[in-house]
Structure formats: structure tokens, C-alpha cells
Amino acid sequence: MNFKNKMSSVLIAPAFLWLIALMVVPCVMILVLGFFQRGIYGGIEYNFTLENFQLVFDSLYAGIFLSSARIAGTATIIAVFIGYFAAYAIATSPKKWQPTLLFFAVLPFWSNYLIRTYAWIVLLNREGLLVGFSKWLGIDGGIPSILYTESAVILGLVYNYLPFVILSCYAPLARMNPDFREASTDLGASNFTTFRRITLPLSVPGIAAGAVFVFVLSIGNFITPALLGGGRFQMIGNVIYAQFLTANDWPLGAALSMVLIGIMMILLMIQASAAQRSIGQKNKEQLDG
Amino acid sequence: MNNENTLLSIQNISKHFNDSKAVDGLSLDIYENEFFALLGSSGSGKTTLLRMLAGLETPTEGQILLDDKDMVPVHASKRPVNLMFQSYALFPHMSVEQNIAYGLEMERMERSLIDKKVQEMLEIIQLEKMAKRRPDQLSGGQRQRVALARALVKKPRLLLLDEPLGALDKKLRSEMQLELKRLQHEVGITFVIVTHDQEEALVMADRIAIMRDGNLLQCGTPQEIYEHPKDRFAADFIGEMNFLPGVVQGDSIIASSKRKISVMSTNGFEDGESVVAAIRPERMSLFLENAENSIEGKVHTSAYHGMDILLHVSTEFGEKPISVRVPIHSVGDKPFKAGDSVTLYWYEKDTRVFANK
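Each protein sequence line maps, in turn, to chains C and G. Residue 1 is where the first sequence starts when you use our numbering, and the numbers rise one by one after that. Residue 290 is where the second sequence starts when you use our numbering, and the numbers rise one by one after that.
Same shape as in the complex, but just chain G:
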């Protein structure tokens, strides 16, 4: 985040389709020059929210303030907001440059100026040589860039991107993640991206909002969301998490096997309440000095991931094995076998506590 001037203020917005509530009383502020990610599974209302920002859906109630002006009564074609469609929606009968010029022609801009801006945009997306091609003569990645250029060339106050990388293969996707971030920085436009891919959100966004059932579950920087998830759902949704069930006693948690798990804070839960202790797989280790917590177990499965090994370890904490990521340099070439005895260590500072539900 460069600064914290509020650009967009979504106030108590709802969208009901017949009797289902796609978005239900959601409020959210988005700052200027921010790369903001709306993260959620399908049906969480994230795409409906995006379409309301673009003006393609009318909210049932609530306000959308852009630069302090309510956008709800403003027609989609008149909003300083552009949307990059998941399908890209490039016009198949127009060339790359005609597609990019389309939005400027709608502004009745002078031809010479349009040509100049289109040329600039083609340079930014590095497709100068493809200007005369039609969308069907482009690769997926090139089309994605043209769709982006077509929306960006209008210099919107807000650029909305609906699953922009969904149609690309994995390698291209991680390239484009960085490319998008670079571009956002270069053009200085606020980006709001919708995605169901938590890794994508973590890599690209300045701030993330997790959506669930038409409302916000949690909003914060990637680090806040990853390290301090609000509840068990958020913890599970972003990254991987081990959950060890137990009961609060003093400032510790007692598992059903009577083993004590020490934590920094019980997160406001009181004695006798049923909770889970949550630890990320990469925060556990086979070798850790001064760790407050440890547990013995047997290797259930071992999966080689190149940079690390993902072990599933069966322990006394319930039927689900505990996941632990072992960095490759710490184990050398020694393979793990199912049944090997291991001890897992972790710090109390890395242990979060959530309601067990």
C-alpha cells in the first residue's frame, strides 16, 4: 500500500436473486493504488460483488462510493470502472488494435490520439507485432494481455479483474501473476481481482478479503491473513493447517490424550471450552531447540516436493495425520519410510486457537 486514501467505499451492499442472497450487507473500503483481492470459493458472492462494482448488476440495497460519489445510479457505460472478463470477451471480428481502440472510440476521442494510445498500450503488453491479428490467432496468454490492455487503455479509476489467470496453464499463470503486479505498479491504477486461488491472492495482492456466504470473513494483508486467520474456516481456506482438538485449561490446551499444548494466548476462550490448536505445517519441525511443544508419532506417508518433503505423521491427536513440511536441506538424502518414528516440535508462538466447530 502506497497510501491510504479511500478510493472506493462499499457500504452495506446486498444483492438478492429471488430468495437467495448472493451478497448480504457487505461493507468494504478499498484504497487508492491498491492491488486488492476478493478471495472465496464459488458461490461466495465475489463475482456478484465485482459485477455490481462494474455496474452489470444493480444492488438490491446499499451504496458504492467511488471518489465519494455514489455509483449505483450510474450506468455501467458511464462509470470510470472497467472490467476484464474471465472469458476475456475479446471481440472476435476485430483485430487486436481495434479491440483496444474500441473503448476510446466510445469516448469520441480524436483518431490520432486513439492511435497513439493504442500504440503505447501495445508496447506495454509487448504485442506490437500482433496489432493486426484477430483474437483467434493469439495464444491464451496473448489474449489475456489484450483483454487487460483493452480495459487499461481507458485509464479507469478502478480496474476489475474476474479470475484473470484462470484460463492459463500453471507456469504461465505464475509468470503473469508477477507481470500483473508489475503492470499495476506501472500504470498506478487500483486493481480489484476476483480469484478462488489463495496462492494467487497471497502472491499478488496488497490486501485480501476472504468472502463467505455473501459477506466478508476477514480482510487484511496477505501476512495478516496467513499468520492470524480469524477463525477455523479462514485458517483452513488459506494454505494448509493442522488442527489439534482439546479443551482450554488456564493458558494451555489439554488434548483428549491429556497431553498439554502450550499457547501464547487462548484467544479469549475460557476454561473448559472446546477448541482447536492450529499450527501450519511449515511451522513444525523434526529438529527444533527450545520448542515448548512436541509430539511423537509415526510417518504415515512421505511426499517429495523438490524443495521440501511433506510428511503425514500419525499421532495421538485424532485420526487425521499431522502435516509437516521438512526443508530438504535439513534431512539430506535420507528418505522417510512409512512407520518411521519421528518427533515433531513447534513453538507456542506459532500456535493459534480457534473454536472447535
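Same shape as in the complex, but just chain C:
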């Protein structure tokens, strides 16, 4: 090992230890509970069992997993669609404006997640701005409030995670060699064909990164469904929350968490390996280009 390697190990050690001691160890301690029995009056009986996992794949919880995935998936599709075109608009705007536009895109991050979510309640409730606006437009009785429905939850998720998509899509679009688009035009392609066959495929790594981000953060989210869903229906995050804090069934909560974390890890790994491949390709281009 040379000096440079030693140096980087020394530098990375604190962060690594921090992660192990305060993140991995406590998580593992909780997650192993999934393999034990629940005590009759709460608490844990340390007898090994796989019952909890059988329960997870039982129709009740599997159904909640599926509906959570559906909600997260819908939010992801909408966020990617809006976010990609926002990123495209920013990347094609004059260079001097781009930092400002990006700043505005991530501005909501500077405020508290709860406050942002409560703000949506104000907008969406029966006396809220949206319904009021529709009344003002002359719709009789106004449009029905979507607060405490699945749509409100999806809206909240899209709103909260949109900046991730914008940022991750902006990067490949801004980095893309403008000659690619001109070459496509020169070879006879219309602007739409150039977008479909050149720009869009080359921004897939950014889209994938943004999509995985939104999906992973959405499927485990429990604040947005609790506030905007009004507790009328549950996502898997709410169920886990309830197992630990109200039902006092830590083993089942641990088993559910483990399956959820497993899903997230698989998605992140797929995305990371895809990104790795395209980075390798880019580096090579830069070396020779």
C-alpha cells in the first residue's frame, strides 16, 4: 500500500466507523428481531422462527406492499416525466441562467419536510385554495377536495422528490456533447427524432438514478401518507411505524423492514451498476476525445 492509499484510508475511517456504529449496528440489532417470536404481552421471546416472514408474504401485508409499490411507482413516473422536462428546459436555457434556475428547482429543500407537507393540506382541503379557486371560476360547489385520497399522497410524494429528478436528469443533459444533436440534424433527423434517438437514450442514466431515488424514498415514506392520506389507507411505511410504536410487535415490524430494505437495496444496486457502466464509457470518451 502506498502513501496515497494509506492517506485515503485514514481520511475515510471516521465516516466509515460512524456509519458502522450508528447506522449498520443498530439496524442489524433491530432487524434480527424479525427472526424471533413476539411475547404474549409485547416484548420479545428469543426463540428462532420464520413466522414473521410468512406473515409478511401473507395476503394482507403483501397487498400493502403492492399498493405501496403502486403509489410509489405512480409518483415516480409522474416525477420523472415532469422532472426530466424541467431539467431539459434548464439545460437548454442560456448558460448564465442555469445556476439560478437550478437554485429555484431545489429551493423547497431548504424548508422543513413537515411544513411543506402541511402547506399542501392548506392548499387541498375543503376550504382550501384549490377548491376556492374552482368556486371562483364558477364551478358549482367547487371541485371535490382530493385531500385524504391516494391522489393527494401521490401529489405530495411527487412534489417532495421532484428536485432529485431534476438534478439527476440535468447532469447528463448539461454534459452531453452538443455535437451529437447537430450531427443527428446533419444526418437528416428532425428535432423530435434527434430527441427520441439521441438525447433521450443518452440521458437514461440520469433518469434511472432519479427514478430509483423517488421510488425508494416514496415506498418507505410514512409522513406523507399519514398527513395527506389522513390515515385512511396505509403504505408499508405506516404499517412498520404502527408495528413498532402502537401494536408493539417488533418482530413483525423488523421482518417487514427487512423485506423493504431488501427491495430498496436491489433497486439501488441495479441503478449503481448501470451508472458504473455508463461512467466507464464516458471516462473513456473523455480520454480519447
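To be clear, the hints were calculated from the coordinates, so they are not data collected in a lab. A few of these clues could be false.
Label-pair ranges, simulated between beta-carbon atoms [as the list claims (entries may be wrong)]: (1) VAL476/G / MET265/C: 52 to 60 Å; (2) ALA420/G / ILE30/C: 51 to 59 Å; (3) MET176/C / ASP404/G: 22 to 30 Å.
25 Å max Cα-Cα, derived DSS-like pairs, lysine-lysine [what the hints assert, rightly or not]: (4) LYS358/G / LYS444/G; (5) LYS587/G / LYS609/G; (6) LYS96/C / LYS310/G; (7) LYS95/C / LYS310/G; (8) LYS367/G / LYS406/G; (9) LYS470/G / LYS459/G.
Covered, in the sense of this in silico footprint (three residues per stretch, anywhere, with C-beta under 8 Å from a C-beta of chain G), are these stretches of chain C [stated by the list, open to error]: (10) 172-180; (11) 189-203.
As the structure is a computational prediction, the values presented were derived from the model and not from experiment. Glycine included, every Cβ here is placed at the ideal spot set by N, Cα and C.
Let chain C serve as the given structure and place chain G on it in line with the hints.
Relative to chain C, chain G alone:
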């Protein structure tokens, strides 16, 4: 030049960016089947001109007639003109054959015909075995050939090449110069190449246009441009040139040291005008019979170039030493030392006269 049918006629074309004039009222004709080089330093407007021909820039004014049809209103994607980018701009997510097929797919050509044409093109550039590779799995020279194939396969009336050899190393570059020339001959398409490398232009082009400040300085065959440069700038830009300052007197030039330099023609300059006599280093010699001009001097530096020796000789003509190329066979193995006395000879026919400015 095979024939002189005008293919492209650029008429009084200008391109202004805000207040700078990248191209300023330039007119130029390019003939069919010609290998034409636009030569100029950076900022001379050569790339802007090329991009206007491709349709990637809109001229501020002027016309571009291709086969007598004005191209200015025609969108880049509809012009029978293709551009090979300096960066090659190969699509990184497509294989070699997909890159080459792209332009044909845009013409909605039948798949079987596309495959056939791509195959032909791969044979011409000798990359049949690389058809499935992606651009990042190719060497620089191979990528250059794929970029060329992608533009050529569309059989454009005019192929534009922006510094096509700029990214290659020196040895590969001189190979590709001849390769490009051979290919141009083989496919019979008019090539317009942009370069800042005067040697490249001399080797490859049938005709060269030297550009300066958004306009043409001189246009002609490599030999015309090299042997009869229009002015001092053109003479200096192409190859090496010695400039000896003096004043016109009759049909000679009198240097400040009173030495007389005889010339064939004073190039229209009259008695008393301040001029320079210009001689190429390879037109001077240490041994020359019946030469009208000679000058004594001392060797300043001597550089061995393999095929010849480049001497810098200090003389009475100003502070800048005179360059002279001495063929290796004429001096044998005898080295020159700084301070050696030499006499340089040259013919009056090899002496050009330009304004001294």
C-alpha cells in the same frame, strides 16, 4: 481538378455575432470533385463558414448556391451536404454499424438496402470486423474512419470536414492525409476541409483558400499559393519565408546596407517604396552557379533534420537570421558550427517582393 463545373457558389456571405464579424462578405466558388481546403488560424472564420455550408449557422446575408439552388432557406437536415465533426460526434450508445446506418434510416430507406450500403462502407474503411463495437471500444484512427463513413454513406453532394485529423498523432495523421485523398478520389464526392495546418492543406487539397479576418486572402492551387503568395501575410502563413527589407530602385531592391538584391519583377512597386524581398529557405543554397544574389554571413545555429540541415545565418540584413535548408547530400557529414563563415546564393527568379508592413 478533374473538371471545372462549379458545384458550390458562395456569394457575398456574412455572419455577424453581435458586433463581431466572423465572416464578412466572402465569395468563393468550389468545383465538382474538388478537394478544397479552407486554411486559416483560429478566429479567421473558417469554421463559421463551414457551419453555414452545413446549415448549422444561418448567414446574416448572402447566398450559398449548390447546383444553382440557394441553400440558405433549406434546413440542415434537408441539405445534400454532410459534415464530419472535429469531435467526430459518434453516438456513444450505438454500434459502428448503427452509427453508419443512422443517416440512411433518416431517409426512410429500406432495411435490406441500408444493410447493404453499411456493409459496403465498412469494407471501404476496412472496419468490417468492428461493426458491432461501440465508439468507446475503437482507437482514435478507427473512430475517425467511422465518422467519415457515417457522413459518406449518405452520398452527399458536398462533404465538409472540420479539422478531421486534428485529434490524431503525427504519424497517423500523415497516413490519413493520403487515405482521405484516396477515398475522395474513390467516392467522387467534393470535399471541403477546414484546417489550420498548412502542411495538411498543401498535401491534400486541389485548391486552398487562405482565410483571414472573415474573408479570403488568397485562393489557388497549393503550388500557386506556395510559390506566389499574394502578400507578406500569406507568404509567412504558408511554409517558412525569409524577409529582407529594402527600398525599390529601378528593377532591384537596395537593402539598408546598400547591398543590391536583384529581382525578376518589383511586383508593381515603384522607386523609393519600402518593400521586403522574400525567399524560401529551400531556394537558398551554399553552392549555386550563376546565382544573381549572394550574401556572406556567419552560422548562428544549425539544426539537423535528417533529410536536411536547417541553418540560421546572421547577415547584414537585420537582426533576424536568415533560414536556409541545406540538403544533406550536398554537405556530407561535415557538421556546421556556430560562427562558421558561409555564403548564401539564390536566383532572382526565386525572389518575391511584398510591401513592408
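Comparing the hints with the structure gives:
1. VAL476/G / MET265/C: 52 to 60 Å: holds (55 Å)
2. ALA420/G / ILE30/C: 51 to 59 Å: holds (54 Å)
3. MET176/C / ASP404/G: 22 to 30 Å: This hint holds: roughly 29 Å between Cβ atoms.
4. LYS358/G / LYS444/G: holds (18 Å)
5. LYS587/G / LYS609/G: holds (13 Å)
6. LYS96/C / LYS310/G: Holds, because 23 Å separates the two Cα atoms, which is no more than 25 Å.
7. LYS95/C / LYS310/G: holds (22 Å)
8. LYS367/G / LYS406/G: holds (20 Å)
9. LYS470/G / LYS459/G: holds (17 Å)
10. 172-180: holds (count 3)
11. 189-203: It holds, with 7 qualifying residues against the three required.
Comparing the model with each numbered hint stated earlier shows that all of them hold.
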